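Chemist: Sequence:
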Amino acid sequence: MQDLSGQKLEEYELLEFVESGGFGAIYRALQPSVDRDVAIKIIRADHANQPEFIRSFETEARLVARLEHPFITPLYDFWRNPAGAYLVMRWMPGGSLADAMYRSVWSMAQLTRLVEQISSALFLAHRSGVVHQDIKPGNILLDADGNAYLTDFGIAKDLLNPESGINTLLYASPAYMSPEQVRRSAVTPAADMYSFGIVLFQILTGHLPYEADDKAALMRDHLEADIPSLRTYRDNMPDALDAVIRRMMAKDPRDRFPDMLAAARAFREAAPLNGDTLPLGDSKATLVEGTIPFDLSQTGEYTLELTALLEPENPYKGLQSFDEADADTFFGRDAFVQQLLDHLSQDGEAARFLAVVGPSGSGKSSVVKAGLLPEMWRGMLGGSEMWFVTTMTPGAAPFDALEKALLRVAVHAPDDMTTQLRQDAHGLRRLIEQVIQAVDTEIVLVIDQFEELFTLVASEAERALFLESLTNAIRTADSHLRIIITLRADFYDRPLLYPVFGQLIHQHTQVILPMTPEELDAAIRGPADTANLVLEDGLVAAIVNDVHQQPGALPLVQYALTELFERRSADNTLTLQAYRDIGGISGALAKRADEIFADLSAAHQPMARQLFLRLVAVDDAAEDARRRVKLPELLTVGDKTLMQHTIDVFSKYRLLTLDRDPATRIPTIEVAHEALIREWTRLREWLADNRSALRLQRQIAAAADDWVRGGRDASFVATGMRLAQYETLMNAGTLALSADEKAYIQAGITLRERHILRRRLFIVGLVMIAFVASLLAIFAFTQQRRAEEQARIALSRQLSVTALRTLDEQYDVALLLGLEALAINDSFETRSGLLTALQHHPDMGFMLHDVPGAIRGVAVSADGRWLAAGGTDNTIALWDMTTRQRLAAPLTGHSDWVTALAFSPDATLLASGSVDDTIILWDMTTREAAHTLNGHDGDVWHVAFNPDGTRLIAAGGDGIITEWDATTGERIDSLTSHDGIVYSAVYNAAGDVIASAGDDSLIRLWDAATGEPIGEPLAGHNNWVLDLAFVPVSNGVDVLASSSADGNIFLWDVGSGEPVGALTGHDGWVWSLDFSPDGMVLASGGEDGTVRLWDMTTGRAARAPFAAYRDDVRSVAFDGVSGMVFAGSLDGQLIAWDSTRQHTLHTPLAQQNEAVADVVLTPDERFIISADGNPRGASNDIYVWDAATGALVYTLTGHEAAVTGIDINPAGDTLASASADG
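Positions 138 to 1359 (the working numbering) are the ones given, in order, by the sequence shown.
Possibly wrong hints are sitting among the right ones.
[Claimed, not checked] For each label pair, taking beta carbons as the anchor points, the in silico distance ranges come out as:
| id | residue 1 | residue 2 | range |
| --- | --- | --- | --- |
| 1 | L633 | A1066 | 54 to 64 Å |
| 2 | D553 | D963 | 52 to 62 Å |
| 3 | G1128 | D1060 | 17 to 27 Å |
| 4 | R1108 | S964 | 32 to 42 Å |
[Claimed, not checked] In silico EDC-like pairs for lysine to aspartate or glutamate, Cα to Cα no more than 16 Å straight-line:
| id | residue 1 | residue 2 |
| --- | --- | --- |
| 5 | K145 | E189 |
| 6 | K789 | E205 |
| 7 | K879 | D842 |
| 8 | K728 | E703 |
| 9 | K767 | D785 |
| 10 | K145 | D183 |
| 11 | K789 | E732 |
| 12 | K789 | E770 |
| 13 | K767 | D172 |
| 14 | K879 | D843 |
| 15 | K728 | D1074 |
| 16 | K541 | E522 |
| 17 | K728 | D1116 |
| 18 | K728 | D718 |
| 19 | K388 | D479 |
| 20 | K879 | D718 |
| 21 | K777 | D877 |
| 22 | K388 | E361 |
| 23 | K879 | D776 |
| 24 | K388 | E406 |
| 25 | K777 | D172 |
| 26 | K767 | D877 |
| 27 | K789 | D842 |
| 28 | K789 | D718 |
| 29 | K789 | D736 |
| 30 | K541 | D785 |
| 31 | K541 | D552 |
Simulated from the structure, these hints should not be mistaken for lab results. Note that the structure is a prediction, hence the values are computed from the model and not measured. Where a beta carbon is used, it is the ideal one built from N, C-alpha and C, also for glycine.
Model the full structure from these sequences, guided by the hints.
Modeler: Here it is in structure tokens:
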């Protein structure tokens, strides 16, 4: 095998050759993405391309990679392709035992430590179902302190599937091979004990027990020769120690110690560690050549407790999905697995395509990988034990992922796979024919998280080609491909939009239903039985009761059980009390995430926020999904050390999944399960606050990736308004960008500045030319310039004056004139004129300046005197509306964003809520804080006073509604029924009912006197309910308005609990509501950057939307005195809109020349009908007008005298008229 030093292998750089053997070679390599040295074992292609090796390699490597033990060298990465198989392990600079045995003197204490370290490592591996099969000195590595580490499990065999093993004679070292390996009989953990016994014999004597030169003779010795005594080479060895080694090397596995821990105990008891010395015989100088320097007189002070103390293995998965190696702990889905097998057992297309569809958290991936695939390997489908299985997730580049998946099972790499796959929709079909080497086998392609095709793939053409390629590959005659996909239920409609592939989905879908109580019982008890855990009476019933009929709760069950395992009693019992302590199914995950976050330092907490924001793909059309991100990208978002520590902490508790990109082998990070996104309130608050910024960041990330792929060519960079948006986000600092993203934006800025410089240089050049020319006629030129400048100024002034004169008649023309005046001459006059025009908007009252950052809360006092606004600078700005002047000193006291404001009815108090979890009551006389209220463990989203101002209510991100005495600041009550964030809580006009709403999409009603719930929750919205407002005047009927992230505003009759109206018009989330004091008009502000007014008498928009914002309108507030609606947005604008101003829709309907007796509007509001009513008039007609255009549609004639009245029926198809003609 040629030396590959200096070459690159995927992302790894091979630094130096270490050693080679019959299997291949080992290299020291560098992994640049994380800057660490690794050891890479390369298995030769002639071994790696054996069919049985291909079938079992990934499963066995995955099993080995899970072995977490302090003295097992971790397996970082592994993959296979036609060129070989590759195992990436920790690099141990101390060398191996094979080298160290002859370099230094060993004490018996040091050897005993080595025995216990390696024995405990082997015990863990054996307990996990892994036999090493190649124990030898070269596979025991040492660090600088002499600690021993077991390595090279690359040929380990899965005990759970002994028939799938590879011929061990190809790989095991003959000098250390057990008799059962020689005989090729079933291999058990006892084989490793035999081999380790030989290693100890060699260390103690300097010789191998069998030293025949001929390989065949050596194997006969393993089978038949007597076991030599240690005393053959060292006559000072204790008999007890000799007996331990001989038992470890017994020919019959049944005669050896029961396990490695028993062997290690026996060795320790037999080893002379009590200080007595044994004579060495001859001095070291006269030792036989090859004898190991072994000093029995060095007893040392080694007191490491034996790892009989090994913790039992946690049989539960936390948030991780089950895979092929977890078949022994996967319970409860037997019936559904059989259902899948039955589907694939059918003839025709059903055998070649299967879609497993279910909600997030229903166990789709687990049932396929840990349930279906192991059954296929057992031959439960005809010949399936001979099939090749490969898995993939689409990611952002599905064809790249598909290519890597096919290479994992290919013996020969087809030429130019990338081009073939993308060439046309038949590329995959052709490649399968090239990859398959035998006509009697199949390739099973498992595509997990199929929804990524719709969330991460930017190109519609690439997505359509991928779907068509899959369809063609399985529908071709004699196809050797079978496809199994897992798809989240909320994305089920996406593939149906593609007719051909949609037909596949429609006909061959198996829906995974929630587990029955019996299945849940099995899923809980089965793993506990495998780990000898005891489940306290009542625990299983409590868990089953909590999660029954909740389709997405399985990850929460597994996580709660994982936490219970960590809190098990001394006798390995999982208790009901511990279950309650962790918060049950719904509380365990969020509680752990909050605990981890709280334990982070002040420097690490912002890193956690940036980390999780990058790991979520926001989707307004479906639930937010997890997003896989490469580790190097995350490490450039902020301080590398801080970010790495944050990742390590959350990974330790398995809230994050560490993996590798299949195309590059670069480490990746993702949220372990979408359940964390749903259940962790803090994360949902981060997402709610940053949705717009996240969408923009994803655009930047995609553009930066194209830029990097394109060689950082300037033609890829953003320009104009897009660059300005990107630059604003980068400078804002709320969402950190990666190094590539910053470089991409900076490249755009540099290009922009370069163009500006070029223009300036061009202008300078022109000026110089003009200067030279002016030397010839400087006086004339100067005069001409002055004249031109005066003309330009005069024209701009004329246009500006004309704009102001035409404001009332032609507002749009006035704006155009003002803009042109500014373009001609940017001066104080033209700027002032344009500003006047802008403020002459028909509905704009005025603009307020010097606002507190991005505005998140606005409030107006009932007497109209005070206006308050709070935002992202953590302060509250106050304006005296009698003068419209802002008070010089803002209210300061919060340590984070101000999110909610409310004045008391008498305007003596102002309440403010904040992201810092506090509420402050401000005395408006002194403008000092009267009380600081601490009662929430999460953002305070809303505050409201009751009608008499004696009580205050607050809604929090912790799911709690708190009620306070507004005078004393004492807490009165806490209301807890919402499942998640509570965004709004308000009193009705009488003050006896409280309404609250949140991200559970429900509205709950409470008795304000008792705090008890009233009736069933109001359900109708299909997304988070963001704000509530009661009609201020009840008139015996309480009407409640609610706004939602679904874009709708609903009106509810609180007494009946029924919706009585829906107001639609906003494009996106509706953040804020407020009624006029008389309840006749409702104002709303939304994500679409508009403020809308709704007429409560008609249930329709009162006028066109107020649109002057570039970002979300987060808060609206009515001024009952002036009729102004104040609206603040995230772009920092605070504008007063006049709600009282009336507008003429049309010029008068002038075709009618007589007195008008009556007018009616048709029910559909399409037509206006008027009647002549002049008794002495010449006309007695009725006119029908187009309400939209004011045009006369037709005239009704027939009366002989004046028309006295008209009316139309509710259906709008019959008109009645009365006349003086009788």
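Chemist: Each hint: holds or not?
Modeler: Hints, verified against the model:
no. : hint                      : in the structure
1   : L633 - A1066: 54 to 64 Å  : 57 Å, holds
2   : D553 - D963: 52 to 62 Å   : 59 Å, holds
3   : G1128 - D1060: 17 to 27 Å : 23 Å, holds
4   : R1108 - S964: 32 to 42 Å  : 59 Å, violated
5   : K145 - E189               : 28 Å, violated
6   : K789 - E205               : 12 Å, holds
7   : K879 - D842               : 12 Å, holds
8   : K728 - E703               : 15 Å, holds
9   : K767 - D785               : 15 Å, holds
10  : K145 - D183               : 21 Å, violated
11  : K789 - E732               : 13 Å, holds
12  : K789 - E770               : 20 Å, violated
13  : K767 - D172               : 14 Å, holds
14  : K879 - D843               : 14 Å, holds
15  : K728 - D1074              : 12 Å, holds
16  : K541 - E522               : 22 Å, violated
17  : K728 - D1116              : 14 Å, holds
18  : K728 - D718               : 10 Å, holds
19  : K388 - D479               : 47 Å, violated
20  : K879 - D718               : 45 Å, violated
21  : K777 - D877               : 15 Å, holds
22  : K388 - E361               : 8 Å, holds
23  : K879 - D776               : 15 Å, holds
24  : K388 - E406               : 23 Å, violated
25  : K777 - D172               : 12 Å, holds
26  : K767 - D877               : 12 Å, holds
27  : K789 - D842               : 30 Å, violated
28  : K789 - D718               : 21 Å, violated
29  : K789 - D736               : 14 Å, holds
30  : K541 - D785               : 28 Å, violated
31  : K541 - D552               : 14 Å, holds
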